[in-house]
Each structure stands twice: as C-alpha cells, then as structure tokens.
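> Chains as they are written, first to last, in our numbering: chain A, 105 to 922; chain B, 134 to 471.
The set of hints was computed from the structure by calculation and includes no laboratory data.
Note that this is a predicted model, so its numbers are computed, not measured.
Errors might be hidden in some of the hints.
Claimed, not checked - Computed list of lysine-lysine pairs in BS3-like fashion (alpha-carbon distance at most 27 angstroms, straight line):
hint: 1; chain 1: A; residue 1: K600; chain 2: B; residue 2: K409
hint: 2; chain 1: A; residue 1: K600; chain 2: B; residue 2: K469
hint: 3; chain 1: B; residue 1: K372; chain 2: B; residue 2: K409
hint: 4; chain 1: A; residue 1: K857; chain 2: A; residue 2: K873
hint: 5; chain 1: B; residue 1: K173; chain 2: A; residue 2: K600
hint: 6; chain 1: A; residue 1: K873; chain 2: A; residue 2: K736
hint: 7; chain 1: A; residue 1: K880; chain 2: A; residue 2: K906
hint: 8; chain 1: A; residue 1: K413; chain 2: A; residue 2: K426
hint: 9; chain 1: B; residue 1: K372; chain 2: A; residue 2: K649
hint: 10; chain 1: A; residue 1: K298; chain 2: A; residue 2: K106
hint: 11; chain 1: A; residue 1: K465; chain 2: A; residue 2: K520
hint: 12; chain 1: A; residue 1: K298; chain 2: A; residue 2: K520
hint: 13; chain 1: B; residue 1: K173; chain 2: B; residue 2: K186
hint: 14; chain 1: B; residue 1: K357; chain 2: B; residue 2: K372
hint: 15; chain 1: A; residue 1: K736; chain 2: A; residue 2: K780
hint: 16; chain 1: B; residue 1: K409; chain 2: A; residue 2: K141
hint: 17; chain 1: A; residue 1: K165; chain 2: A; residue 2: K217
hint: 18; chain 1: A; residue 1: K780; chain 2: A; residue 2: K821
hint: 19; chain 1: B; residue 1: K409; chain 2: A; residue 2: K528
hint: 20; chain 1: A; residue 1: K298; chain 2: A; residue 2: K113
hint: 21; chain 1: B; residue 1: K409; chain 2: A; residue 2: K743
hint: 22; chain 1: A; residue 1: K465; chain 2: B; residue 2: K372
hint: 23; chain 1: A; residue 1: K743; chain 2: B; residue 2: K469
hint: 24; chain 1: A; residue 1: K707; chain 2: A; residue 2: K821
hint: 25; chain 1: B; residue 1: K409; chain 2: A; residue 2: K736
hint: 26; chain 1: B; residue 1: K409; chain 2: A; residue 2: K106
hint: 27; chain 1: A; residue 1: K821; chain 2: A; residue 2: K743
hint: 28; chain 1: A; residue 1: K707; chain 2: B; residue 2: K200
hint: 29; chain 1: A; residue 1: K689; chain 2: B; residue 2: K173
hint: 30; chain 1: B; residue 1: K357; chain 2: A; residue 2: K583
hint: 31; chain 1: A; residue 1: K600; chain 2: A; residue 2: K649
hint: 32; chain 1: B; residue 1: K357; chain 2: A; residue 2: K736
hint: 33; chain 1: B; residue 1: K469; chain 2: B; residue 2: K238
hint: 34; chain 1: A; residue 1: K857; chain 2: A; residue 2: K780
hint: 35; chain 1: A; residue 1: K113; chain 2: A; residue 2: K141
hint: 36; chain 1: B; residue 1: K300; chain 2: A; residue 2: K689
hint: 37; chain 1: A; residue 1: K780; chain 2: A; residue 2: K914
hint: 38; chain 1: A; residue 1: K649; chain 2: A; residue 2: K743
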Amino acid sequence: MKITLNWLKQYVDFGWTPDELSERLTMLGIEVEGVQKIGGEFDGIVVAQVITRHRHPNADKLSLCRVNDGRGERQIVCGADNFKDGDKVPLILPGSMLPARPGQPSFPIKVGKIRGVESHGMMCSPQELGLPDQVDGLLILSEDARVGQPFAEYLGRAGSDVVYDLEITPNRPDLNSVIGIAREIAAITGNPLKLPQVEIAEGNNPADRLVAVRIEDVELCPRYTARVITGVKVAPSPDWLRTTLEKVGIRSINNVVDVTNYVMLEVGQPLHAFDYRLLTGGATGVAAIVVRRALENEVFVTLDGQERKLSGEILLIADESKPVALAGVMGGQNTEIQPDTTNVLIESAYFKPQNIRATSKRLDLRTESSYRFERGGDPSICEWASRRAAQLILQTAGGELAVGVVDAYPTSVQPKQITVRPQKVNELLGLELSGAEIENYLSQLELFPGIRKPCPVGVERSALEPLTIRVPTYRVDLKREVDLIEEVARLYGVDKIPATPPRGAIGSNEYDAVYDELAAARTILSGLGLCEAQGQTLISDSVAKLAGPDGLVPLANPLSSDMNVLRPSLLPGLLDALRHNLSYKTVDVALFEIGSVFSQTEKGNTEHRRLAIAMTGLRQAAHWAGDSRDAKVDIFDLKGLIEEFFDQYGVRGISFSRRSEMTTLFVESASIHLGKLRIGEIGQLLPTLARQYDLRDAVYLAELDLDTVLLRRNPGKSFKVLPSFPAIRRDVAMTVPEAATHESVMQVVRQAKPANLEAAHLFDIFRGKHVAGGQKSMAYAFTYRHGERSLTDAEVNAAHDKLVEAFRQKLQAVIRES
Amino acid sequence: MSFLEQIEPLKQAALVELQAAGDLTALEQARVTYLGTNGKFTGLMRQLASLPKDEKPAAGKAINLAKTELENALSGRRSELELRASVPTEPTDFTLPGRRRVLGKLHPLTQVTDDIVRSFRKIGFVVANGPEVEDDYHCFDALNTPADHPARDTQDTFYLAGCGEGKAPLLLRTHTSSVQIRVMQQQPPPVRIIVPGRVYRRDNADATHNPTFHQVEGLYVDRKVTVGDLKGTVEFVFKELMGPETRIRFRPHYFSYTEPSFEIDFSSALTRRMGKEWLEIAGCGMVHPQVFENVGYDPELWTGWAFGFGIERIAMIRYGINDIRLFYQNDLRFLKQF
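Okay, chain A solo, but in the shape it has when bound (with noise of 0.2 angstroms):
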C-alpha cells in the first residue's frame, strides 16, 4: 500500500525527516518498500528581492547585494549583471540544494566567502535551475511575485512530497489506510491522532424515503449503509484530490469516484457511489438495494466492461431488477456515475471477509475494495466512512445531502475484551513490566483496560494483577492473550528486549543420526572425485518417463510443461547437469547426488532417499605425460568407485548381475544387489540419448536406494591381528568359453575351498593371438597363508592341484602352461 508523507501529517504530528519515517515504521513492523521523493526539486528556493546592489570591493565583475528572503536581509555575493535594485529574483538559502542537471548529482549551497566577503546563498539563473528561459544573468521574476513565498509555489509546481510504499502484513488490515499508519504513529510518539471532523450540513430529504436497504444474507453482509447525495455536479476532481490519488497510483476518474476512493485510501473502508437514478426506483420512488446471493450462471457486466457469469457462492448488490455490483469486489458497468448523473448513492458496507475472498478468487478479479474486505474490515466504521465521503462529495462536486443515513445492522458487534497477565508477558518477552507499565504501552494503542473490580481500601493493587482489554473493533487481529503481548513488546521496542545465552533442554530426534550418515556418504563420495549437484525436484513427465513409466506424481497446477512431476529419479537431473557442462565445453564431469524422489503407489505417495552418479569424459584429469593420460571412464571405472564407496560406508555384501535387454536408459546394465535384495542399477546411457543430450562420450550411470542401504549399513570397525608368516603365491592362466564370468570363477573358488586360501586376484584377462574365437584368457593369483605357522609347497600344491582340477571340469578352463 502506498502513503505520502504529507498525507499522513494531516493526522498526526511527528518530527522526523522522511528517512527517519521509514526506519521507525519498519521497526514498528511495518516494512517500507520503497520510497520515492518526488517534487521538490525547489525546496529550499524563495522568491528574494534585491535592495541594494553594490561592487565587490576585490572583484570588478562580481556585486554585493543585501537581498531580502522575506524573513529578513542577506548578503549575497553574484556575478550576474542584468538586475538593480528592486528586481525579484530566485534566490536558494544555505544548506539547500542547486537543482540537478540530467546525470550529474545536486549541488549544496553553503556560506562560503567569495573573494573574502562572505555570501549567504546563491541567486540563480534559469539555466541553474534548470528551466527553459535562456537569459544572460539571474531570472527576473514579475513584480507582483510575492517576497518569501517558495520558488516552486510561483511557479505554480507542486511541493515535495515523499510516497512510501508499504508491506502491510495480512493481519492487520487496520493499516491499509493512512489513519490507520498515523495512529501507530501516534501510539510511539505520544501525539494526539487527529481525525477529520465530519460534522456536514444535511438537506430537507429523509435519507430513507429516497432508499431502502434489504439485506437477504446477513452472515455475508452483516452491515450496509447507505447515504443520497442530490444536485451533484460530476466535473475532473480538484487539484488536491487528483494528485494525492495519482501520488499513490490511483488513477483519477471524477469528484465522485475519487472521493470514494480517497476515503477508502484515508480510513480503509471501501465505498461504492451509485448514479441513484439508474437503480430502479430511483427515478421515481424509493430505490431498493438488495444484498443477496447470485442465482447460479447469473450474468453481469462490471465496471472494467467484462461479462461475469456468477454462481450461487457470490454475494451481489442488485436493486429489484438486476444486479449492480459485485459486494465488496467491483460495481456495476449499469449503474456506474456518468457525467450527467445528478445524483449518487453512497454504500459503506461490511462483507464477510472469506466470501469475498472466495469471489475474488473465483472469479479472478482483484480490486482494492477485495484486497481490504477479504483482510477484514472494521464494521464500526462504515457510517463514519460514507459521512465523510458525502463531506468531500458536497465540497467537491456540490449538492444536497439527504437526512441521515440508512444502516442496516442487525446486530452490531461488540469491541472484544481481552485478559492479560502480566508474568505471562514477562514470562514470554523475558522482561520485568509492571502492570502499570504494560497498562501504559497498551494505552497508547488506545487498548484501554475494560471493567476493573474495584480495589478494596487499604489493599495495595498488584503489580501483576490481570488487566482485562477492551479492543476496538479495528483491531481483528487481537484475538487472544498472546497477541496483545505482541503489542507490549512492539511498543517497549524488541530492539531493546535482551537478548539471553542459548540455555535448557538437549534435543533429541532419531533423524539426528542419519544427518550424519548422509554427511558420511558424502565426504567419502567426494573424496573418491566426485562433486555433489544438486537437481530440480520438479522435471517434466517426457524425461522422467526414461526412469519408468508408472507411478509418476504430477502436479495439479505447475508452472510449465518443464516441470510438472516430482522426479522418480535422480538421473534426469544429472543428465541435465552433463549436458549443461558440455555447453560450457566442460567434458569430464563427474558428479553425485543425494536426494528425495517420489513415486506413487496403491499404497500412496512414497519419498525415498536415493544416490546417484554420472560419469563421462576422461578418467584422470588431463595430464602432459603417462600412459593412460587420454583414457576415458569406463563401466569399471563407475563400479570401482561404487564397490569403493560400499567398503568405505561399511556396508558388505554387494553383487551386480547384468540385465540381457536394454532399457529405455540403458544399452547395457546390471543390477546392483545387497544380499537378495535389489538396491540400483549401473549401466551405460543408450547412444541415441546421449545424442539428445549433445554428450559426446560414453556416459554412465548407476542410481542407489540410499534408504535400504542406510539399514543394512555396519560402519563399526574390529582390529585383526595382522598376519606374521609368508603367504604362498599361485598363479593360474586359463582359457574359458566367453560365457564363463568372473563370477562363475570365483563360485568354483568358494566350492571347493581349497585349504589355507586367503585371496584371489583377477590380473588379467586377454582375447585374440593364441587364443580360439569364443574364448578368453583369464589369469588369477592365488595366495595361501596359514595364521600360526609357515606353509611347505607341499601342502600348497596339494590344495592348489584340486582347484585347478576343479576349474577344468566345472569351466571346461584349459590350463595354459606358462
């Protein structure tokens, strides 16, 4: 909400500068947007007359003059040459500014001494001031300008003003006006709020025999009032009115409408004027205004000309034939004030906040009227409200007003009474306030305390005796104990309330620990090289497909087609994250995340932590020299770092089987197991979606469920004694059928258990010279150690012989001699 400084001073007096005013709202919890000075750009300037004009005593080209400013003589130094005695002139007092030119800052004028006689202010030209007179020497005002009277009132320009533009919080909508600013204001400085007095002259017509108020829902509308103006003469507001509405983004329509918009913009209350004549009725007897509710696809036409087809949630203003306004949001295109209209009707009306809300949006359509019922209004303040609206009518556009009003208020409310104990606000704000002292605070916010037991004679009243509050019905949002300590602390200052050292209860959650092993899983991911992303969670349905086609979790209102499910996954993310460094021509990337997906079930919705990687580009960071300086990753190389991570997070037990068919991610994958169970999947990103990525090497990708690895993970550690007789090394070379796996290899090594083993080590497999088609050359170490004594060759060979033989026949291996 926007406000103007000259605005507010109207009603309250306080002296601060306008820098001043912001820094004590914010703090008053008001917080000042933005601030715009505007006019101005004269202050500080008078109208001056010179008296005398003599010779600089130092300087020929330079006169002397004593000058009045309408306060009294100055002497001024200048070194224009077309004025004499008597001349009026623009004349800018120390300690104001020269007017900035365009991109250059403003000047300050001082006393200074020019050529040793001191000057007291500056005589201008109009090139100074930057208006467009060309005139060799200062501007020369008409005789009959006025000596002393600001620059800018001469010229007919209106003053500074400051506007503030304000963010006034949803709880108080008793601050969506200027008085309701100005009796904070009034609150922290102790200055009386000065209201307008609405006491207006009233005509011979009895309001209510010219209109009759019939309210059909009273829980929507609990109030309506309603005030005839006749003999209006619709004209372009005055000056006054057109500019404090426009200062604050009000666009200026006409006397009447503006009024009702000044008065909404003043004390909060928006209003309504009605050309009288076009409800029926009004042309002949007495109009009716009807508050009821829309029949269900009622169509109306509103002031902005768009047709609006309602239903039967929406309250309508109607008179007996047709509606006229949308209550509390806008009026109608059929009734609004014309140029010719004569004479106005006046609606000052209470709306249940959360129906027009409702309306609002429901129909899309925001106006300031909506913005301050759906906040919640003050329903004390309606008749107030539109008496001062007719004032400013009468003043403005003329006419006559009609006797009294007609207020339909079934049932007024009542200010509410709020109990307040004292330790309870010393208890929450950690001060020690007096009741009397919290009495006082609340005063200010005329929160003045209701009914007191009278206090038996001779019994001193406690200090921290309850204080029962009555509030005014402005303020909806006091609602309970709690809320009036809120006010206690603004008005003692929470900037002084001490701050005291953290102390009391250890926490506990059991998610405290997993914080922890999150970190773990990190520091060792990072520490294997790779760094950690972090994705959109939002991605859009075509990309999260690639993970799986069903359980995706849509939104039901996203921004864009980008991003309209929650991810299944955390690949698509890390894709997105390759192709964006490829952009940017960085091509070795290797990344990790760690985060939420989601999926829904029979069962629901399910959020699971999961671990993904991604690797492309070069396998060691370029070097100069080495052998395998230009090698890129490779499968082994994402399932190295995993089997790593896995030793590393204390978690054992970890298998990988490849799957035979492509999958929509994948040209070749396997599944990651822990035990029996399915954990994730590693694999190599499909070509031709690589291509649609613009990744130009092989990628590849594995993604883990972080949650099921968490529970079987057992990071506790136990000493072995380390061994201290030799080992014995065997060494197998063997050629096999392509089908033969390494990890068919190793089962016949579990099977037949040959005694003393302690390791087997793959060192080499090779394909092609000496070697048939269809076959590979596997070779293995094997190293045999006893933990209490040294082993002889013999008995070596002896468990070594049987699983050599135990390859032959269960791998149809060809041992090769070497």
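Here the structure of chain A is known, so what remains is to put chain B in place on it, guided by the hints.
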C-alpha cells in the same frame, strides 16, 4: 716370481682398472677380467692348491685379504657408478604441473547447511526431518493458517494432481515449518530441533527465485522460554555463520504460527559490501499458543520459539553469488569454487 710376489702387482692392476671403469659395463668387464671364473685373479687363486704345504697358510691369508680388498673396491665403484647412472640425464623441471589426484566438492548448499547444523548442535539442537510431500494440515492448518486465511494463497503452493476428490489434497511443502508439527505430535516437550530441507514455491525461476529451494527451521520448546532466549540464540548462530562482528536486529512482523513474530535483519561487512546496512535474513517468533494446542501441548506450561531462513540466501550473501539458479545447474566451474 714367487706366488706371494705376484699378488700385489695383480691387485694393483685390478684396482686401477676397476677405478678406471667409466660405466657399469666397463666395470663388469673389469670384474670378469680379474674376478670372473677365468679371470686373472681367480687363476692365481687356483695356483694356491699347488703350493708347498708350509707356504699355503701365509699365501692363503694374503690372497684372501687381496680378494676382499678387490671385492670392496668393486662394490664401492659399483655404487658410485649406479648412483651416477640414476641421475636423470636432463634435470627435472619442477615447475611442470603435477599429476593431480582430484577431490570432488560438496555442493555449496551442503557446506552451508553443515555449517548451520554445526552451530546449532553446539547449543544442544539435533537435526530432524519430514516429508517434502505434505498435506494441508501439517503445512497450514496446524500452523494456525486455516483455509480461508489470506496468508495461504494457492498461487504460491504446488498441489499434486489427483488428490482432490475425496482424498486429502497433497502439496509440496512451502516451508520446513510443517516438520515442527510432525515432531511435536510425535514427542513430548521439551523439543530442540533444526530442520534443513527442500521447500517449494510456485514462482517462476529468475535470479532470486527457484521453484525448489532450501530452508532451515529451528524450534525450541521448553518451560519459560522467552523472546530474550530467541534473540540470544539467533545472535549466537548468526555470529557463528557470518562472523563475530555480525549484528542482529529484530523487527515486529507477522506469521500466523508465531506470536509475537519478528523479522531478523543482520548487518556485517558482507551487507555493507552489498551497499546495505541491514539485510533481511530470517523470520521468527514465539510459537503461537494455538499451534501448541493443535499438537496437544499446554501453552500455559510450555513456551517456545521457532525461526527459519533460506539456505540459498545465506550462501548467496556469504559467497556473493548473484543468481539462485546457479545452485541447480551443477556447473562444475561453479561447484569447484567452494
């Protein structure tokens, strides 16, 4: 010449030749010449057998001494030559770039979150979490923001599709405050938690908005908790996060789930670098009694405070990052800076 007389000249000749060997090959040749199977010195030793018995002990001793001397000279010379051979022919250019073992980096949001968590843990807070897909109750109603409340605008909230009819509508949480409710429903007071996590607002992405962002929420419920405690804790945490010279200012504000409510501004070299004395950084307040009643805590016995702030905002201020979207592009040139 007698046997003994032959030893010394041959040894001297051998020593000269060993010493003269310029490389390991020449040294090996010299060794073969004298000490090899058919070498001259080996030949002399063979003659020892044919000496008369009484000459043997003296001759044996002398030739063994000479042999030891030769072997020492040989190994000494070999060490010298090996050392010489091991020196690179060209001196190493130590200004050449090393072959790096590259560490990955934690995301700046992770680093800032960890710092926040570390500061809170120093003063007894533990980390809690909750689901990102929430219902109206935990995200709004229980937080004293009923359906017709102006602060609850569907414009800002993402709802999931297909949850309208009959079922409770599901949404993406708009703040981490929903976790306050879940934790208080689940455990009796006192409570002392912080909740870092993702939240969602229906804002188009620009330099200061992303539909996904991160918040951290703090909640402390105990007997006789005051606004003073809230201020003390906030000051502690922000000094930890933003440096010891950080100043904190509280302004009255409005949140439906706290009363009184405040906004927190901070001031430090960082804000002054941005041309501002005070910069808004967080919202907070004393937990509204209605919220306590909603979770079954007695507001007469328990008081508490909550506060929340955006993690991106902290990171942006701390590192001088000018566009929130950078956090979600995962550009390595960005990630590697932190």
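> For every hint, state whether the structure bears it out.
Against the structure, the hints:
Distance hint between A/K600 and B/K409 is fulfilled; the C-alpha atoms sit about 22 angstroms from each other, no more than 27 angstroms. A hinted pair counts as satisfied when its Cα atoms are at most 27 angstroms apart, and A/K600 with B/K469 does not qualify at roughly 43 angstroms. Straight-line distance between C-alpha atoms of B/K372 and B/K409 comes to about 18 angstroms, which keeps the hinted pair within the 27 angstroms bound. For a cut-off of 27 angstroms, the pair hint linking A/K857 to A/K873 is broken: about 33 angstroms separates their Cα positions.
Of the supplied pair hints, the one linking B/K173 and A/K600 is violated, its CA atoms being roughly 105 angstroms apart against a limit of 27 angstroms. With a CA separation close to 25 angstroms, the supplied pair A/K873 and A/K736 stays within the 27 angstroms bound. Annotation: proposed proximity of A/K880 to A/K906 holds, straight-line Cα distance about 22 angstroms (limit 27 angstroms). A hinted pair counts as satisfied when its Cα atoms are at most 27 angstroms apart, and A/K413 with A/K426 qualifies at roughly 14 angstroms.
For the suggested pair B/K372 and A/K649, the alpha carbons sit about 46 angstroms apart, so the restraint of at most 27 angstroms is broken. Taking the CA atoms of A/K298 and A/K106, the gap is near 20 angstroms; set against the 27 angstroms cutoff, the hint holds. Between A/K465 and A/K520 the CA atoms are separated by roughly 30 angstroms; this puts the pair beyond 27 angstroms, and the hint is violated. Of the pairs offered as hints, the one joining A/K298 and A/K520 holds, with about 25 angstroms between alpha carbons and a cut-off of 27 angstroms not exceeded.
Between B/K173 and B/K186 the CA atoms are separated by roughly 23 angstroms; this keeps the pair inside 27 angstroms, and the hint holds. Distance hint between B/K357 and B/K372 is fulfilled; the C-alpha atoms sit about 25 angstroms from each other, no more than 27 angstroms. Between A/K736 and A/K780 the alpha-carbon distance is near 32 angstroms, which puts this suggested pair outside the 27 angstroms criterion. With a CA separation close to 19 angstroms, the supplied pair B/K409 and A/K141 stays within the 27 angstroms bound.
For the hint pairing A/K165 with A/K217, the CA-to-CA distance comes to about 16 angstroms; that is within 27 angstroms, so the pair holds. Between A/K780 and A/K821 the CA atoms are separated by roughly 24 angstroms; this keeps the pair inside 27 angstroms, and the hint holds. With a C-alpha separation of about 37 angstroms, the suggested pair B/K409 and A/K528 falls outside the 27 angstroms cut-off, and the hint is violated. In summary, the hint linking A/K298 to A/K113 is supported, as the alpha carbons are separated by about 9 angstroms, within the 27 angstroms threshold.
Of the pairs offered as hints, the one joining B/K409 and A/K743 is violated, with about 51 angstroms between alpha carbons and a cut-off of 27 angstroms exceeded. Taken as a hint, the A/K465 and B/K372 pair is broken in the structure, with Cα atoms around 44 angstroms apart against an allowance of 27 angstroms. Restraint check: the Cα-Cα separation between A/K743 and B/K469 comes to about 24 angstroms, which is no more than 27 angstroms; the hinted pair holds. The straight-line distance between the Cα atoms of A/K707 and A/K821 is roughly 39 angstroms, outside the 27 angstroms bound, and the hint therefore fails.
Our distance criterion of 27 angstroms between C-alpha atoms is broken by B/K409 and A/K736, whose separation comes to about 49 angstroms. A hinted pair counts as satisfied when its Cα atoms are at most 27 angstroms apart, and B/K409 with A/K106 qualifies at roughly 23 angstroms. Our distance criterion of 27 angstroms between C-alpha atoms is met by A/K821 and A/K743, whose separation comes to about 24 angstroms. For a cut-off of 27 angstroms, the pair hint linking A/K707 to B/K200 is broken: about 92 angstroms separates their Cα positions.
As the CA atoms of A/K689 and B/K173 are separated by approximately 71 angstroms, the hinted pair breaks the 27 angstroms bound. Of the supplied pair hints, the one linking B/K357 and A/K583 holds, its CA atoms being roughly 22 angstroms apart against a limit of 27 angstroms. Taking the CA atoms of A/K600 and A/K649, the gap is about 57 angstroms. The hint is violated against a cut of 27 angstroms. Distance check on the hinted pair: B/K357 and A/K736 sit about 63 angstroms apart at the alpha-carbon level, beyond 27 angstroms; violated.
Distance restraint check for B/K469 and B/K238: the Cα-Cα separation of roughly 6 angstroms lies within the 27 angstroms cut-off, and the hinted pair is therefore satisfied. Taking the CA atoms of A/K857 and A/K780, the gap is about 23 angstroms. The hint holds against a cut of 27 angstroms. This hinted pair checks out: A/K113 and A/K141 have alpha carbons roughly 16 angstroms apart, not beyond 27 angstroms. Among the hinted pairs, B/K300 with A/K689 is inconsistent with the structure: their alpha-carbon atoms are about 48 angstroms apart, more than 27 angstroms.
Our distance criterion of 27 angstroms between C-alpha atoms is met by A/K780 and A/K914, whose separation comes to about 25 angstroms. With a C-alpha separation of about 25 angstroms, the suggested pairing of A/K649 with A/K743 holds against the 27 angstroms cut-off.
Hints 2, 4, 5, 9, 11, 15, 19, 21, 22, 24, 25, 28, 29, 31, 32, 36 from the earlier list are contradicted by this structure; the remaining hints agree with it.
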